[in-house]
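S.K.: Each chain, letter by letter, is given below.
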Amino acid sequence: LAKTTQPISMDSYEGQEVNITCSHNNIATNDYITWYQQFPSQGPRFIIQGYKTKVTNEVASLFIPADRKSSTLSLPRVSLSDTAVYYCLVGALDGSAGGGNKLTFGTGTQLKVEL
Amino acid sequence: ETGVTQSPTHLIKTRGQQVTLRCSSQSGHNTVSWYQQALGQGPQFIFQYYREEENGRGNFPPRFSGLQFPNYSSELNVNALELDDSALYLCASSLAKGVLQFFGPGTRLTVL
Chain L
1 LAKTTQPISM DSYEGQEVNI TCSHNNIATN DYITWYQQFP SQGPRFIIQG YKTKVTNEVA
61 SLFIPADRKS STLSLPRVSL SDTAVYYCLV GALDGSAGGG NKLTFGTGTQ LKVEL
Chain U
1 ETGVTQSPTH LIKTRGQQVT LRCSSQSGHN TVSWYQQALG QGPQFIFQYY REEENGRGNF
61 PPRFSGLQFP NYSSELNVNA LELDDSALYL CASSLAKGVL QFFGPGTRLT VL
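Taken in order, these protein sequences are the chains called L and U. Numbering follows the numbering used here, in which position 104 of the first sequence is assigned residue number 104; successive positions increment by one, without gaps. Numbering follows the numbering used here, in which position 46 of the second sequence is assigned residue number 46; successive positions increment by one, without gaps.
One thing to keep in mind: the hints can contain errors.
[Stated by the list, open to error] Residues of chain L placed beyond 12 Å of chain U at every Cβ, according to the derived structure: (1) 14; (2) 56; (3) 61; (4) 65; (5) 76; (6) 81; (7) 115.
[Unchecked claim] Example chain L residues on the side facing chain U (calculated, C-beta under 7 Å, incomplete): (8) 42; (9) 43; (10) 106; (11) 107; (12) 108.
Hints are computed from structural coordinates only; laboratory data are not their basis. Being a predicted model, the structure only gives us computed values, none of them experimental. We treat Cβ as the ideally placed atom computed from N, Cα and C, and that holds for glycine.
Please model the entire structure based on the sequences and the hints provided.
M.R.: Shown next, in the form of C-alpha cells:
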C-alpha cells in the first residue's frame with residue numbers, strides 16, 4: 001500500500017475551515033483515498049473516501065488533484081468536538097493490493113480546535 | 001455507530017497469561033480485520049479473516065492468533081502476554097476485499 005505523509009499536528013479556532021493535506025506520491029492506479037477520524041480510546045471513524053476530483057458529504061470535502069499524488073481533507077467551520085486525530089490512507093478498493101487488504105495507518109494529524 | 005461491537009471493553013492481565021478478545025461484525029460484512037494501537041501511534045494491522053480463513057497477516061508473532069466463525073464474528077487470542085502487548089485492540093469489518101473498513105470501539109488491554 002502507498003505510504004502517506006501528513007502534518008503531525010494542526011491548530012485552529014472554532015468556526016474556521018481546516019484543510020489537512022496528505023501526500024501519497026506512490027499511489028497506484030486502483031488505489032482509493034480514505035480519511036478516518038479518531039477520538040482518544042475509540043475506534044477510527046470513517047469520514048470520506050474518493051478516487052479523483054472532489055467528493056463532498058455532510059461532514060467534509062475531499063479534494064484530489066489530477067495527478068492524485070496528494071489529497072486535501074477540508075472540514076468546514078470546525079467546532080471543539082472536531083478535536084481528534086485524522087488519518088489519511090490509500091488502498092485498492094478491489095483488494096488487488098494484496099496483503100489481506102490491510103489498512104496502513106501513519107501517525108495521523110492531531111487537530112486541536114480552540115475557542 | 002458502525003454496528004461493530006467488541007468485548008470486553010477493558011481487560012487487565014498479568015504477564016504470561018492468555019487473553020481472548022471478541023468482535024461482532026457489521027451486518028452483511030464477511031471480513032474482519034484486527035489492529036493493535038499503542039498509545040500515541042496509529043493502528044497496526046495484525047491479521048484479517050475472510051470467510052473463516054486468515055487472509056493476510058501483519059508483522060506479529062504466532063502467539064497472536066485468531067478465528068472467524070460462520071456468523072462472521074471473530075476472536076483474537078494472545079498467548080504468553082508481554083508488557084508491550086498493552087494497547088487498544090481494534091476490530092474492523094468490511095465487505096470482502098473492500099478497503100472501506102468500519103471499526104468497533106476497541107478493547108483496552110493492560111498487561112501488568
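S.K.: Quick one, is the residue 106 of chain L hint okay against chain U at 7 Å, beta carbons?
M.R.: Interface hint status for residue 106 of chain L: holds (6 Å vs cutoff 7 Å).
S.K.: Could you check that no beta carbon of chain U comes within 12 Å of the beta carbon of residue 61 of chain L?
M.R.: The claim holds: residue 61 of chain L sits with its nearest Cβ about 18 Å from chain U, beyond 12 Å.
S.K.: Classify the label on residue 65 of chain L as holds or violated, using whether its beta-carbon is more than 12 Å from each beta-carbon of chain U.
M.R.: Since the minimum Cβ distance to chain U is about 20 Å, residue 65 of chain L lies beyond 12 Å and the statement holds.
S.K.: Confirm or reject the statement that residue 81 of chain L sits farther than 12 Å, beta carbon to beta carbon, from all of chain U.
M.R.: holds (16 Å)
S.K.: Going by Cβ atoms only, is residue 43 of chain L closer than 7 Å to chain U?
M.R.: holds (3 Å)
S.K.: Minimum C-beta separation from residue 14 of chain L to chain U exceeding 12 Å: can you confirm that?
M.R.: With a cut-off of 12 Å, residue 14 of chain L remains clear of chain U, as the shortest Cβ separation is near 26 Å.
S.K.: Looking at residue 76 of chain L again, its CB stays over 12 Å from all of chain U?
M.R.: Since the minimum Cβ distance to chain U is about 23 Å, residue 76 of chain L lies beyond 12 Å and the statement holds.
S.K.: Minimum Cβ separation between residue 56 of chain L and chain U greater than 12 Å?
M.R.: holds (17 Å)
S.K.: When the nearest CB of chain U is found for residue 107 of chain L, is that gap smaller than 7 Å?
M.R.: holds (5 Å)
S.K.: Check the non-interface label on residue 115 of chain L: least C-beta distance to chain U beyond 12 Å or not.
M.R.: Its Cβ never comes within 12 Å of chain U, the nearest being 25 Å, so this holds.
S.K.: Taking the least C-beta to C-beta distance, is residue 108 of chain L closer than 7 Å to chain U?
M.R.: Cβ of residue 108 of chain L sits 6 Å from chain U, so the hint holds.
S.K.: Are residue 42 of chain L and chain U close enough, Cβ to Cβ, to be under 7 Å, as the hint says?
M.R.: Since chain U brings a Cβ to about 6 Å from residue 42 of chain L, closer than 7 Å, the hint holds.
In terms of the numbered hints stated before, the structure departs from none.
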